[in-house]
Amino acid sequence: MSEELRTSPIETRGLAGKKRYAMVVDTRRCIGCMACQVACKAEYDTPLGVNRTWVPYKVVGTYPNVKKHFLPRLCNHCDDPPCVRACPVEATYKVEDGGFVLQRYERCIGCRSCMAACPYNARFMLPAHRTYTAITSVVDKCTFCFHRVTQGLVPACVQTCIGRSRVFGDINDPTSEVSYLVATNATQVLRPEQGTKPHVFYIAGDRSQMEFGRDAYQRREVMDQERRMFERNFKA
Amino acid sequence: MGDYVVFHDVSWHASYAVYFFVVGICAGLSFFSFLSWHKPSLRPVREKSAYLSFALLAVAGLLLISDLSQPLRFLNVLNPAYLNFTSPLAWGSLNIVTFGLASAAYLFMLRKGDEKWGRTLAWVTALLALGLPIYTGYDLTAHQSRPVWNTPVIPVLFVALAVASGSAVASLLAMGNEAARNMLRLYLLWSTAAVAVILVSILGTTNYGGSAEELTFIVLTTRTMGAIFIGLGIVAGTAAPIAMLLAPFGRRQAGLMFAALLVLVGSAALRYALLMGPQYVQTLY
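Taken in sequence, the protein lines are chains A and B.
Just so it is clear: in the first sequence, position 94 is 118 by this note's numbering, and no numbers are missing.
Just so it is clear: in the second sequence, position 231 is 264 by this note's numbering, and no numbers are missing.
Honestly, the hints are just simulated from the structure, not real lab data.
Any given hint might turn out to be false.
As the list claims (entries may be wrong) - To give a feel for the contact side, a few chain B residues facing chain A, derived at Cβ under 7 Å:
| no. | residue |
| --- | --- |
| 1 | D36 |
| 2 | S44 |
| 3 | S99 |
| 4 | L101 |
| 5 | Q103 |
Glycine is no exception: its CB is placed at the ideal position from the N, C-alpha and C atoms.
Chain A with its partners taken away, still in its complex shape (with noise of 0.2 Å):
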């Protein structure tokens, strides 16, 4: 991004110097394994119910002529991201080299601000009690794993993708495998309208999945069964 085209100072795209990590989900690789949503759910000990990354589906076509469109879903580490202004007490902030969306838990006081200043439902809740951590009613989100990318790895997800759907790397670098991505193939971001500047690219993703639909009226079956499992967990 050229310098004119950056209209915070939080931005940090084609900044000399500065690292800015994105990710590239070529949506023709991915199969719909949901290994990334296991893998990222081992990492972290994701509570039931709530996800920092998720794949929904969607079947378009007509028999016999029928497939399965998916589109894996993260948090988007945007280079200008709504969370971080509306947070009341800084507890969400962004990593300057990297671009990283990080929230400091021990700070949070659960407002959920953030939660509705994210236009692509990325951050959620941690009930009130879980097992193996202290981290407990606070708000969470995908962190890009940054606890294993600043030690030289890829994310959780992209290590265990086995279509090679997701690509990580830093977009600032021209060199590396997302800037070629980027570069070669027509790639779309969700809710561009935003202004958010998101951080996960997204190669032959379906519009009406990357788009409020009209059907988003219907209320689906799994979706009851998607909000009872959640209330069960967070009675608990």
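Given the coordinates of chain A, work out where chain B should sit on it, guided by the hints.
Just chain B, lined up with the frame of chain A:
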């Protein structure tokens, strides 16, 4: 068929709408207590409004704190080292605290009977009270990705709702005093009319918006949410009281009381629908 969508919880639950309702009345009553220094007809509601406003502020504060998932960390919002001034909540918390301090000082002067300081503090308290509906509205407006919330008139609507619900409660407090009742009837009528105009503009722009706005319009106008928003909020809580207040019946004590109760029910329903309705579509994204 066969679609898989992950369920997302709404960010703010109904308790936040109760907070909006209580803090709106609190701000409205504070305004009428201030006004009583300049309109002699409102003199009977001066102390009652100030005391009730302060009591409701305590209720609102408790509601706000209990709504946090980490209630004891509310002190973080008052820690200058943590405050993030790009967040409307940070400004709101400072507004509430300063309003509480000014209200306490104002009540002290009222008890003491100090007219000079009472008048000055009434003005300061009313100015800070104006900030309460503005900040709560701005709290929603700042979230530009949410339909309806993102319309810039939400803070203005919340100010109008605060005056409407404040004048409704003040009307109930002024029962029996004809001069105060006549004055409050006018405030109730015009503030409710302002709410109606703003609601028409919100509904119009929402219906002509993008797909998220259109879906939100459908959510707000049909099924249970439609019954709350259109039925209770607009028909019973806005249109009916306006008609009643314009009719001869509305000039009588019983008519004003009835209209005031309808406005209270309507303003609670509107706040609930405006908070919850626009979050529904997002839960499916």
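Tested hints:
For D36 of chain B, the interface hint holds, the least distance from its beta-carbon to any beta-carbon of chain A being 5 Å, beneath 7 Å. With its C-beta approaching chain A no nearer than about 4 Å, S44 of chain B sits inside the 7 Å limit, and its interface hint holds. Because the smallest distance between the Cβ of S99 of chain B and any Cβ of chain A comes to about 11 Å, over 7 Å, the interface hint for this residue is violated. A distance limit of 7 Å between C-beta atoms decides the matter here; for L101 of chain B the minimum to chain A is near 5 Å, and the interface restraint holds.
With its C-beta approaching chain A no nearer than about 4 Å, Q103 of chain B sits inside the 7 Å limit, and its interface hint holds.
Consistency with the previously given hints fails for number 3 only.
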